[in-house]
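Residue numbers (our numbering), protein chains in the order written: chain A, 448 to 780; chain B, 362 to 649.
Because the hints were derived from the structure by calculation, they are not lab data.
For every residue, glycine included, the Cβ atom is placed at its ideal position computed from N, Cα and C.
Any given hint might turn out to be false.
Partial chain A-side listing against chain B, Cβ under 10 Å, derived [what the hints assert, rightly or not]:
| id | residue |
| --- | --- |
| 1 | Ala497 |
| 2 | Ala550 |
| 3 | Met619 |
Take a look, some chain B residues computed to stay more than 12 Å from chain A by CB distance [what the hints assert, rightly or not]:
| id | residue |
| --- | --- |
| 4 | Phe493 |
| 5 | Tyr561 |
| 6 | Phe600 |
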Amino acid sequence: MGTIQLKKVRKAFGESIIIPGADLDIKHGEFIVFVGPSGCGKSTLLRMIAGLEDLTSGEILIDGKDCSDAAPASRGLSMVFQSYALYPHMTVRNNIAFGLKMAGETPEQIAPKVAKAAETLNLTEYLDRKPGQLSGGQRQRVAIGRAIVRNPSGFLFDEPLSNLDAALRVNMRIFIMQLHKDLGATMVYVTHDQVEAMTMADRIVVLNRGNIEQVGSPLELYNKPNSKFVAGFIGSPKMNFVEGNIAAKHKAKTIGVRPEHIDIVSGKGEWQGKILLTEHLGSDSFLHVDAGDAGRLVVRAPGEFAGKPGDNISLKPDAARIHKFDAQDLSIR
Amino acid sequence: MATNQSRAIGKWALAPSLIVLSAWAFVPLALTIYFAFLRYNLQDPDNTSWFGLSNFYYFLSDPYFTKDFINTILLVGSTIIFTIAGGVGLAVLLDQPFWGRGIVRLLMISPFFIMPTVSSLVWKNLIMHPVFGLFAGIQRFFGSTEPIDWFGHYPLISVIIIVTWQWLPYATLILLTAMQSLDGEQKDAAAMDGAPPLSYFRYIVLPHLSRPITVVILIETIFLLNIFAEIKVTSVGGFAGNLTYLVFSQLNDANDVGAAAAGGIIAVILANIVSYFLVRIVGKNLEG
Ligand SMILES: Nc1ncnc2c1ncn2[C@@H]1O[C@H](COP(=O)(O)OP(=O)(O)O)[C@@H](O)[C@H]1O
Ligand SMILES: [Mg+2]
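Could you put together the complete structure from these sequences and hints?
In structure tokens, the structure reads:
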């Protein structure tokens, strides 16, 4: 079992309200990603689930049981911290074993569990080293080892990959997804990186200033964002927003079109523009276009697109893929 | 890595201070070594002559030597134990958030700024005095008719109390600074691992403090071997004198410059031996 329910969970530090009230149902075995800009309260919410932060009000049910005031270790959850938070003066072995030792297990019970975790994570040859003698990626794996060895019903990750370099980050992302498959445990994963969110999540929870803006599968959020905030946050490069007359024609305050939903057409398109910059990624080219009334747009073109800065082009947005937002920045459907 | 040229510049830039520093350290030491091998008594200053190792022999066979040697060890050892134990406790307490923490921290450090002679006088006349002292007053308040004569009956313990009071702030300050550098996520990780407060202290805090504790022990050893004002001011030198005091009395009471110099050399050698072993023992026990 590994269900987590948040009911009107609220958090204030003194006067400042960080989480005004969050409701969320996490099912057993789900991979949930909290995503949002830095400072929006993702860590705070995760730490409340962990029991490291008190609730101002509301309740948290884990496996159906009210755990709002339960001690962190009694919730059956493990956490992987952004800075890894390994114990620097303990060996890798003792780092991984510490939780079991605190739970009162005997050395005979502990040894095989540590050995198994170390094997899963390719840490066997480093067991007698101290964290200071390991690379960033190895430390990350020790932190994960420390989490899995207790066989928790749920894992909490707080931006676990943000201290790794780009190549390692991709590897670890796949490793964590594989781990999720193998263990079948519930995982709650915090990140500010929408690519991580899109690639890993079963469901994404988008947070904005402590409010849950939308919960849904990656494609739901991509195709049907509830608000301009979600629309702008999910997808890369960012969605183009156009206001004014053009939006008014669609009976909206703002319309949004993703770079991949604008076609470059020969002849007269809907918008005329001049290429300002091109970014060539090989598979795709991203054009930054000054499109007159429509403002500055980013447009996706094929990798072999030959246009140069200064060229004039015609653009045609995919009418079915235009998102409309009202004065409150909410989607009009 | 620096280039050859920048290293050469570094060397030249360091040279003046190195010369001054070595002269500073070397001249007094050289003079002391020189005197240690001379028969040189101030009652007979004209009659100085080469004395070989006799000064060392007389100093070591002085009936006070063994006693003062043991006193030195006891004084240094127990003060270190008390200041470290107290310092760790206070550092953990003062690291907690509470109202007025800033002021309390400031007050904590203040004993360290009081001159040893002054604080010894205060302890002698206002706190531990058998008639006018605070301790005696407290004892009388609880009905005792014969308050403890601290310096008369427990001279060494009295000195240890005074010196501990002086050095506790130092230990606390260093350890508190170290406490503040303990990563908050360590505490969270320990909470997730289910470590109760005592285990958190034993397995996380104490190892984190091991290095600063070694530093405190080293620095205190160096300074506590030289304790003098507290013994002199409280006039307990005859019972609770240490090696520094013995050197002083060779010079002051016996006017024997040679023996005093020999005592000084012996003290320096002992201090080095003591600190060498201390660092090893402490390093081994706390690092692991
Ligand atoms: N202990 C605290 N005391 C006061 N404010 C805090 C505390 N912890 C976090 N905050 C504030 O709460 C907000 C959300 O923080 P956090 O949850 O760490 O954001 P995120 O993880 O999304 O970047 C921030 O504005 C931060 O300043
Ligand atoms: Mg955070």
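Taking the hints in turn, this is what the structure says about them:
1. Ala497: It holds, given that the least Cβ distance between A:Ala497 and chain B is near 7 Å, below 10 Å.
2. Ala550: holds (6 Å)
3. Met619: violated (19 Å)
4. Phe493: Nearest chain A Cβ is 50 Å from B:Phe493, so the label holds.
5. Tyr561: Violated, since 9 Å does not exceed 12 Å.
6. Phe600: About 43 Å separates B:Phe600 from the closest Cβ of chain A, which puts it past 12 Å; holds.
Consistency note: the structure conflicts with the earlier hints numbered 3, 5.
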